[in-house]
Amino acid sequence: MLLVFYGVTSTFSQQRQEDTIRYFTIPTLPQNVADVNSMLIDTGGVSAPKDTLFQLLTARGDPISYYRKISTEVCFDGSCRLLRVDLYWNVTGRYLGFELPPKGFLSKAEHEPFNEQEYQQLHAILADSLSPIGNFNYQNLIPQSSAAEGVDAVTRPTSKDVLPYVVKGAVFTTHKMWNLVYGQVQRDVEHATEAALNPGFLVDMLNSDDIWDRYWALDRMHILSDHPLQVKDKVVGFLCDSSYNLVLHALTVLPKDWGEDSSFQQKLWLAFDCVPPALRPKLMEKLGTYEKLDRSIMLDITDRLPTMYGPVLTAALQCLRNYLPKEPEILRRVTALLDHNNPYIAKQIKKFLQEVPTID
Amino acid sequence: MKRRSAIATLGAISLGLTTPRLLKGEVLQGPRIIKKEKLTTDILVIGGGTAGVVAAVQAGRAGKKTILVENGSMLGGTTTTGGVAFPGIFFAWGKQVIGGIGWEMVQEAVGFNDDKLPDFSVPHGRQHWHHQVRLNGPLYAMMIEDKCVEAGVNLRFYETPVEVVQHKEGWKVTTIGKGTKTEIVCNQLIDCTGNAFAVSLAGFNLLREKETQPGTLMFRIGGYSMDQLDMNRIKDEFNAAVNRGDLIKGEFLHVESLLRNAGDNVQHIAGADATTSVSHTIANINGRASLFRTLKFLRTLPGLTGLKVLDMQNETAVRETYRIDSIYQVTHEDYVMGRIFEDAVCYSYYPIDLHDEQGVIPKHLEEGRVASVPLRALIPKGSRNLIVAGRCLGSDRLANSALRVQASCMGMGQAAAAAAVLAHTQGKTPAEVAISDLKKLLTEHGAIVPEG
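Heads up: the protein sequence lines correspond to chains A and B, in order. Residue numbers are given in my numbering: position 93 of the first sequence equals residue 93, and the series is strictly consecutive. So the number in my numbering is just where the residue sits in the second sequence, counting from 1, plus 1000.
Simulated from the structure, these hints should not be mistaken for lab results. Because the structure is a prediction, the values reported are computed rather than measured. Glycine residues also receive a C-beta, built at the ideal position from the N, C-alpha and C atoms. Among the clues, some could well be false.
Stated by the list, open to error - Quick list of simulated restraints, FRET-style, between CB atoms: (1) A:228 x B:1426: 51 to 57 Å; (2) A:80 x B:1262: 53 to 59 Å; (3) B:1183 x A:295: 49 to 55 Å; (4) B:1337 x A:223: 45 to 51 Å; (5) B:1031 x A:356: 38 to 44 Å; (6) A:113 x B:1443: 55 to 61 Å.
Unchecked claim - Pairs of lysine-lysine, DSS-like flavour, derived with a Cα cap of 25 Å: (7) A:347 x B:1440; (8) A:350 x B:1065; (9) A:326 x A:351; (10) A:267 x B:1065.
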């Protein structure tokens, strides 16, 4: 039934289908489900310590999303209510969506059902991994009564600190669902995807429109021992992205062994001018870590030294430092900069030359 | 004269009679004479705070002889001495808008301390502080000083200007310090005091609001546990103490916020002014007295009897004092509309952030909007070879409440110095420097310059 359901609704949207309430974000990968794998996970609960995490797979056997059928209680004011919902995650553990059982609905205080706007609000809160609702524990959700006040209300007012981050009247439901999305199951999803990682799958995630997915993929490149050209080109392409954090991420995780290939070094050097200026020192540092740096790159760096300032200049000199003893021509060009009309640059060059090891 | 000479002789004789017998290793030091010095420099920066450090490094790296005068004991201003060590905001709508030397220092401090930068690709929504960068203040102070030294900047601590007069070379600034009186002749003068102090000494008018934003003494408290507190009772007792006059209304707007934030950026000291020794002394005493008074009171309450001060900054940090009467004043509308001026030299991105007796309700910019700072807002009307950087730029009060923040000040510091560098090279005043030249120099030094 699940496969038929996905086959009929292969695109996801924030829409209310007849008899079934479901809200989804755009998935990392197309949801062409061919198979489902059941995985037993620990819930951390006492009454139901184990549960099933369903892994949805392509025909190739790659995971494309996950879901768990939640059946739990939401308790407040001394009474408990059953919450039944299917929660969905992308392959990288990002929230994907939720779906209620047929004819099911969520309700607020005094059993009032959610309206469309409230479902949308809940969906947006669940999609926000940084929502401040995550900073509240269960006890902080409502203000504590002082001893002088009687506790005689079916619904107590929500703490005003938490109100902006929950659906009004459904604070406990919002809190519970958010913590289910970002709790242990998220980590189980990530581990399951890591176990299934392969180069083609990695490329798919590097191609995701969502930046979190790209970070996720970059952080896990090291799991694979071999990276095809497509992966390398994609990562170098990130260096010219407008997102500072993505560029920083890419530079940080670049595997050192990629630099053994001179053509990769050339691609990296070509990216120098489009990398955000603040990150150019980092790219220069990366070039300096390679055991053998392409000579044409070294000469190019040397020729551009007079136009460099501050950390870029420092990083460029350090990059060259490793290779200088064996490159007299480069040393000669650098030495010529001692006559630079900018005393700061001349001083940097002088200091650098004093530190260069001499050849025996 | 004979009498005077006789007395002097008697004095000399008595001195001879009272010359101490020196122990081994001791050296006799005669009465101190104030050391008078005359210096010349290309660029003089007054104020080694958030903007001043960046300005000095920019000038030094551009090859100019640079002196930086600071009246305190270390560089960094509000970021270090003030303890507001979370500069921002460098990124707007996912893209970096303020880079250059300020960002270089900040990210190096983060990296050295093994801290992590925020993820700027995640929108901060209403929580703009998520995109501010938490720094280790003492580390940052050392790092920026190191950068100044590396750039060849002549650092002079514990000095303050007492006279600024025009000179054929540009300006002659007289400073006094501990045991020193120095005349510094400079070609270009950059006022990074934050209070437009040097501009005022130079004879130019300033602008000020009748009521300025409060200052804040930064501190940290501990010795209690939030979940052990009867917050309703604490609030009631606190409010009663304010009503009785035992505590001053408005200094801590919400006691729960004070306790939950453990003192981080929660205090308001009305009228705090860092301009002169007298005014800054008052601000510091008020800040400390407020904290002490509040601590003594809170320690009488259940759950807070063990309340402790864990840390406290040396000074009350100040938000607003004086602004220059500049060639152009950035208006609130300029700011919120994200106007990019033809002579824009840096961006500025922060909500309109006016602190008053009600607290602060930041007003965020509409999506996609980023304000800019025109060069004209940094130049006092009618001046030559004089430019400012930092919170004293020409702006109306609302615009100023957003422009005054640290990342913007860093951007302004670099821009002001770049303008001064070019003015010195070309024999001009900063207002005459071609904007294209200025943008080119800034870009070469890693700054992000708005495209007009």
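These are the hints, each one checked on the structure:
no.	hint	verdict
1	A:228 x B:1426: 51 to 57 Å	54 Å, holds
2	A:80 x B:1262: 53 to 59 Å	35 Å, violated
3	B:1183 x A:295: 49 to 55 Å	54 Å, holds
4	B:1337 x A:223: 45 to 51 Å	48 Å, holds
5	B:1031 x A:356: 38 to 44 Å	51 Å, violated
6	A:113 x B:1443: 55 to 61 Å	58 Å, holds
7	A:347 x B:1440	23 Å, holds
8	A:350 x B:1065	18 Å, holds
9	A:326 x A:351	19 Å, holds
10	A:267 x B:1065	39 Å, violated
When each numbered hint is compared with the structure, violations occur for hints 2, 5 and 10.
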